[in-house]
Amino acid sequence: MNRTLWTIIGLVLLAAGVVGLLAGYGALPFVDRQQVLLPPELIDVWNRYRPWSLALTIVAGLLVAVLGLLLLRAQFRRRGGPPMADLYLLPSPEPTEAPQPEGGTGVASRALHRALQRDLESDQQIRDAAVRLTGPPHHPRLLVRLAVTADADVGRLAGHVDRVMHRFTTTSGVQPDVSEVVVRIPAHAPARVE
Amino acid sequence: MRTTNRILSALLGLVLLVAGLAVAIEAALIAWGGRPAVVPADRWYASLRELRLADGPFLVTAAITALVGLLLLILQLRPWPPERVQTSAGESPPLSIARRSVEHRVELAAARAGVEHPASAVRGKPGRWRVRLRGVAWPDQRDAVLAAVRAELDRLYAPPDTPVSIILRRPARRVA
Numbered sequence: 001m002n003r004t005l006w007t008i009i010g011l012v013l014l015a016a017g018v019v020g021l022l023a024g025y026g027a028l029p030f031v032d033r034q035q036v037l038l039p040p041e042l043i044d045v046w047n048r049y050r051p052w053s054l055a056l057t058i059v060a061g062l063l064v065a066v067l068g069l070l071l072l073r074a075q076f077r078r079r080g081g082p083p084m085a086d087l088y089l090l091p092s093p094e095p096t097e098a099p100q101p102e103g104g105t106g107v108a109s110r111a112l113h114r115a116l117q118r119d120l121e122s123d124q125q126i127r128d129a130a131v132r133l134t135g136p137p138h139h140p141r142l143l144v145r146l147a148v149t150a151d152a153d154v155g156r157l158a159g160h161v162d163r164v165m166h167r168f169t170t171t172s173g174v175q176p177d178v179s180e181v182v183v184r185i186p187a188h189a190p191a192r193v194e
Numbered sequence: 001m002r003t004t005n006r007i008l009s010a011l012l013g014l015v016l017l018v019a020g021l022a023v024a025i026e027a028a029l030i031a032w033g034g035r036p037a038v039v040p041a042d043r044w045y046a047s048l049r050e051l052r053l054a055d056g057p058f059l060v061t062a063a064i065t066a067l068v069g070l071l072l073l074i075l076q077l078r079p080w081p082p083e084r085v086q087t088s089a090g091e092s093p094p095l096s097i098a099r100r101s102v103e104h105r106v107e108l109a110a111a112r113a114g115v116e117h118p119a120s121a122v123r124g125k126p127g128r129w130r131v132r133l134r135g136v137a138w139p140d141q142r143d144a145v146l147a148a149v150r151a152e153l154d155r156l157y158a159p160p161d162t163p164v165s166i167i168l169r170r171p172a173r174r175v176a
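Going down the list, the protein sequences come from chains L and R. Numbering follows this note's numbering, with no gaps: position 51 of the first sequence is 51. Numbering follows this note's numbering, with no gaps: position 35 of the second sequence is 35.
None of these hints come from the bench; they were simulated from the model. The model shown is predicted, which means the values in this text are computed figures rather than measured ones. Heads up, some of the hints might be wrong.
[To be verified] Pair by pair, the computed Cβ-Cβ distance ranges are:
(1) R/Gly124 with L/Leu63: 36 to 44 Å
(2) R/Arg128 with L/Val45: 51 to 59 Å
(3) L/Leu63 with R/Ile7: 19 to 27 Å
Built from N, CA and C at the ideal position, the CB exists for glycine as well.
Chain R with its partners taken away, still in its complex shape:
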């Protein structure tokens, strides 16, 4: 999301730069008795003089604007996963590990313990995080999977009280 925001902001900056320059240049052209070169100002002027607040195109535009605004708000205000998480190794400051690295390592450990399609998610804050693992395995494998994930987290020097939640779906059929 941080990268998305950065790209969005760069695009917005570019749009503002181009639009601002276009407005300034077109206004200058009109001021010196010319006609707008790029912006179809006459057409926009004519349609804005005719379009009423109750008209369909205006209502649709307003609805889309409100929806985009709502979507942006939801995306920005919901909690974001941490970019990196702190370990208990090292002092001032403790070593941090990239969140994706932790997720990959947990998935590999779960796969070694027999989980199919493991998907791990690290959530919380960099200093206080938790691990969630989803995958396909039989319920009787749960303890072994949990032990494998815990062992992997220990190898990564995760804080010892890091919460781990495991959600397993049953395989379609038992393979002998």
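Excised from the complex, chain L in its bound form:
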């Protein structure tokens, strides 16, 4: 999004600058290069519609401020949207011999995050795991960031992540759609002390 925004800003600035230069050097046939930037006609229009021109300026200023606020807020938003909501498990709808209990079971989204993170960190090669579950609670999207030891074996890491996912689905009933697993390997890391 930012790339598109700054490409458009770049285009607008380039176009404005080039048009300004052309006008200043008299290369535009419909613009007099001796014209002032704020011509009297424009001031006349402003004064003729005096209360409205001021009202319009106030509204425009407020609009620009709101746009700025939205842009600023978008920069602090994390990737993938808000974290998934708490999981709520209802009793099985299938008829069983035993009487079904009333109500359901709630699992906090934070608890699921922490469980997944701890299980990932159970491997000696992983120093730090960060997980992010987003989207619908029963089929969330999952982003995983792993900081690993300098001597970590990438193949073994992949096997570990697969096993963690399997355990997570078995215990919680949630089948995340793993959209990304990114590994960061330090360049000069001290050996892990056992």
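Could you slot chain R onto chain L? The hints should help.
Positioned in the frame of chain L, the structure of chain R alone reads:
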């Protein structure tokens, strides 16, 4: 570049917020018969009524605006290096490694193979990337360096057909 863009956008957002509020408040002050509090509106008004399109300050401003626009366009439109690259380990999705980690590991491997001042760059797309290594070493070390880099990429489970290019400069003098 992604981080730079994020910082630039946050700054732009802040500037728009402050400038928009300033314009609204100053216009409201003028509407209620007051005078602008912060913005030197009278001075700007006077200079804008006198400044002509052919004047130096206007031309300089236009030129700087065009240059900044051109610079932004070049920075945004040139290909960016990938943030992370895919390996052949793991399934749906394959494991990715941060680009900088791959570059560091390649540089360490090259240094172990005898390259001085190794600098590695990973370019391309996350699913199809290539490695470039520059450094100082004798041409006869080239095969050993290439083998070391390939071995390191194998350890990182890089796709087996990942292209590697090595550019070596000769050292100033041979050290016995």
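Status of the hints after comparison with the structure:
no.	hint	in the structure
1	R/Gly124 with L/Leu63: 36 to 44 Å	holds, 42 Å
2	R/Arg128 with L/Val45: 51 to 59 Å	holds, 57 Å
3	L/Leu63 with R/Ile7: 19 to 27 Å	holds, 24 Å
Violated hints: none; the structure is consistent with every hint.
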